[in-house]
Amino acid sequence: MSDKKKVIETKKIGRIFKNGEIEVHALTGVDLVIEEGEFVAIMGSSGSGKSTLLNILGCLDKPTSGEYYLDGVHVNSLDKNQLADIRNQKIGFIFQSYNLLSRTSALENVELPLVYDRTGRFSNPKEMAKKALEQVGLGHRIDHKTNELSGGQQQRVAIARALVNDPALILADEATGNLDSKTSIDIADLFVRLNNAGKTILMITHEPEIAQFAKRIVTFRDGRVLTDEIIENRSTKESALRDLEATAQ
Amino acid sequence: MRQLLKTFKVAFQAINKNRTRSLLTMLGIIIGVGAVIMTISAGEGATQQVQDQISGLGTNLLIIQVKEERRGGISVRKGKELTKKDYEILRDNSVWLEKVSPMIVSGGNAITSQGNKTTIIYGVSEDYFSIMSRDVDLGEAFSELDVQLAKQVCLVGKTIKDELFGGESPVGRTLRIDKVPFTVVGLLEEQGQVGMGGDQDDLVVAPYTTVQNRLAGSTNFNVFMASAVTEDKIDDAEVEVTDLLRESHKMLSNQEDDFEITTQVELNEITGEITGILTILLGAVASISLLVGGIGIMNIMLVSVTERTREIGTRLALGARESDILTQFLIEAITLSAAGGILGIAFGIIGNQIIYKATDFYIPTAGYAIAIGFGFAALIGVAFGYFPARKAARLNPIDALRYE
Chain F
1 MSDKKKVIET
11 KKIGRIFKNG
21 EIEVHALTGV
31 DLVIEEGEFV
41 AIMGSSGSGK
51 STLLNILGCL
61 DKPTSGEYYL
71 DGVHVNSLDK
81 NQLADIRNQK
91 IGFIFQSYNL
101 LSRTSALENV
111 ELPLVYDRTG
121 RFSNPKEMAK
131 KALEQVGLGH
141 RIDHKTNELS
151 GGQQQRVAIA
161 RALVNDPALI
171 LADEATGNLD
181 SKTSIDIADL
191 FVRLNNAGKT
201 ILMITHEPEI
211 AQFAKRIVTF
221 RDGRVLTDEI
231 IENRSTKESA
241 LRDLEATAQ
Chain R
1 MRQLLKTFKV
11 AFQAINKNRT
21 RSLLTMLGII
31 IGVGAVIMTI
41 SAGEGATQQV
51 QDQISGLGTN
61 LLIIQVKEER
71 RGGISVRKGK
81 ELTKKDYEIL
91 RDNSVWLEKV
101 SPMIVSGGNA
111 ITSQGNKTTI
121 IYGVSEDYFS
131 IMSRDVDLGE
141 AFSELDVQLA
151 KQVCLVGKTI
161 KDELFGGESP
171 VGRTLRIDKV
181 PFTVVGLLEE
191 QGQVGMGGDQ
201 DDLVVAPYTT
211 VQNRLAGSTN
221 FNVFMASAVT
231 EDKIDDAEVE
241 VTDLLRESHK
251 MLSNQEDDFE
261 ITTQVELNEI
271 TGEITGILTI
281 LLGAVASISL
291 LVGGIGIMNI
301 MLVSVTERTR
311 EIGTRLALGA
321 RESDILTQFL
331 IEAITLSAAG
341 GILGIAFGII
351 GNQIIYKATD
361 FYIPTAGYAI
371 AIGFGFAALI
381 GVAFGYFPAR
391 KAARLNPIDA
401 LRYE
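These protein sequences, in sequence, are chains F and R.
Numbering follows the UniProt record's numbering, with no gaps: position 132 of the first sequence is 132.
Numbering follows the UniProt record's numbering, with no gaps: position 202 of the second sequence is 202.
Check the hints yourself; a few may be wrong.
In silico lysine to any residue, SDA-like type, Cα no more than 25 Å apart, as pairs [claimed, not checked]: (1) F:Lys-126 - R:Lys-391; (2) R:Lys-80 - R:Asn-220; (3) R:Lys-391 - F:Asn-19.
Keep in mind the hints are simulated off the structure, nothing from the lab.
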């Protein structure tokens, strides 16, 4: 490939869980490079190791073997506090169940990553949070409490939260898992637009029609990379909605 | 420092967003602190009231009694009885005593046309009233002459007036004690209940000569009540009375006194001890309620950590350090206990006022009770806030995020 900046580079990473005497190899020898500006979907059945991979890539867990570089930082050698800081600076998380603070306004939720920023690089958190909400199309709902928003809107708040600190990588874990088909397509379309604006996105999903929005699909089986392909016919919002109508009839 | 300020903001937001839970957490502390303040203050109030009543007897009072020994719950007289001669010696020869009155105490049945009542009859001299600072409300006290002539006159307390004279003035009316008729010449000023429940107004006071002759059938006395010339001469008076009585009883220098002298100061000490025990007891009860409140806080903190596991996981994933979470939960706990403590103080003070309004039992809110109550609340808040907070901070973010 090219001389583009590598956001993610893993070298033969493996993860073994020990449960008493039994060793479970959740990941084995995974080599994965994701460059700046990519939009990658990771697919695989449950137990294929994709969640373990996401935890490691998200700096929530460390590999038991191999090397992991995130935006040039050697993650293996970091301690707990450094891991927390790197999550704060380089990663934007999006969860299946949104994980927003309840009874709290959209704006305050989006501000949350900035609360834990120790670099002091953001001077006006409120303004930044507002901008991020505008980016996801919720500029008019900034003062609504999370429980007053629909599922799709809540996930948009969560996406705004993942954008606000301008991370090197956006990690989405089954971001559309709790949403209906139409809303899922809206969210996937939002990812495409963010990617077009330059964001590097990695999303885990088990829905092929959502994965089809990405530029590249990596499939996992039994803790190993099974396939790694560039998508030729990417879905668009229009095509996906057409397909949806076709299956409904 | 900047981070700490931000964490403070987060903690206050969290408290504000969960008002019901915050209020429930505080409730234990509020009740605990309030209970401590109210019970300690009540103990203090009782102490003060008893002390006031005793000093109301006159601060220069001396009580001279025959020495008694308690054997299996029965008082046995050890020394000689106090005689009329003893009384005359004290009255005539003492320099430091201002006044002295013999006293013979007798139980009896007081009878009027309106009923009868078992009461206590005090046989005393005319000086009794000034020694005991007992004023006469209606009529007047009997005179020296009445005592000399052993007249059948008496004064009664308010309880007797209420129960045997239908609440009307008893002056000039007749009261029989057993079979002996007395003319009531005065009504004693009301004294009220003693702290421990004795009725100080259920009594009849008559000349000691009359009581000796007509009721007791004895020429001796149980007690002398005396007053020193001034309060600071009480010790001198005590020494003097001891010398005079030893001489009168013809005692050898190696013999122990066969009488006892109790002064106002000693009385204060004794009641101080009793009410001190009372205060400690009440304080113990209050401490238990505070402890229960503390356990309540601990429980709700633990529950709240469990309930907020996913929130903690989210915060950790978004880049919060362990120390951020720990600090946040600690600030929450301290804030809740401090707020609870302050509300508890208000609750205690208001409670005291309500008791005062309802029962007339004045409770001065003790400053140290506030300090103890609040200090305890803060301590419990920090201690019981710390452990759940640590538990929360150490959660593995992956587990915390997946927690349902």
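Results of checking the hints against the structure:
| no. | hint | result |
| --- | --- | --- |
| 1 | F:Lys-126 - R:Lys-391 | 31 Å, violated |
| 2 | R:Lys-80 - R:Asn-220 | 10 Å, holds |
| 3 | R:Lys-391 - F:Asn-19 | 23 Å, holds |
Against the hints set out earlier in the document, a violation occurs for number 1 only.
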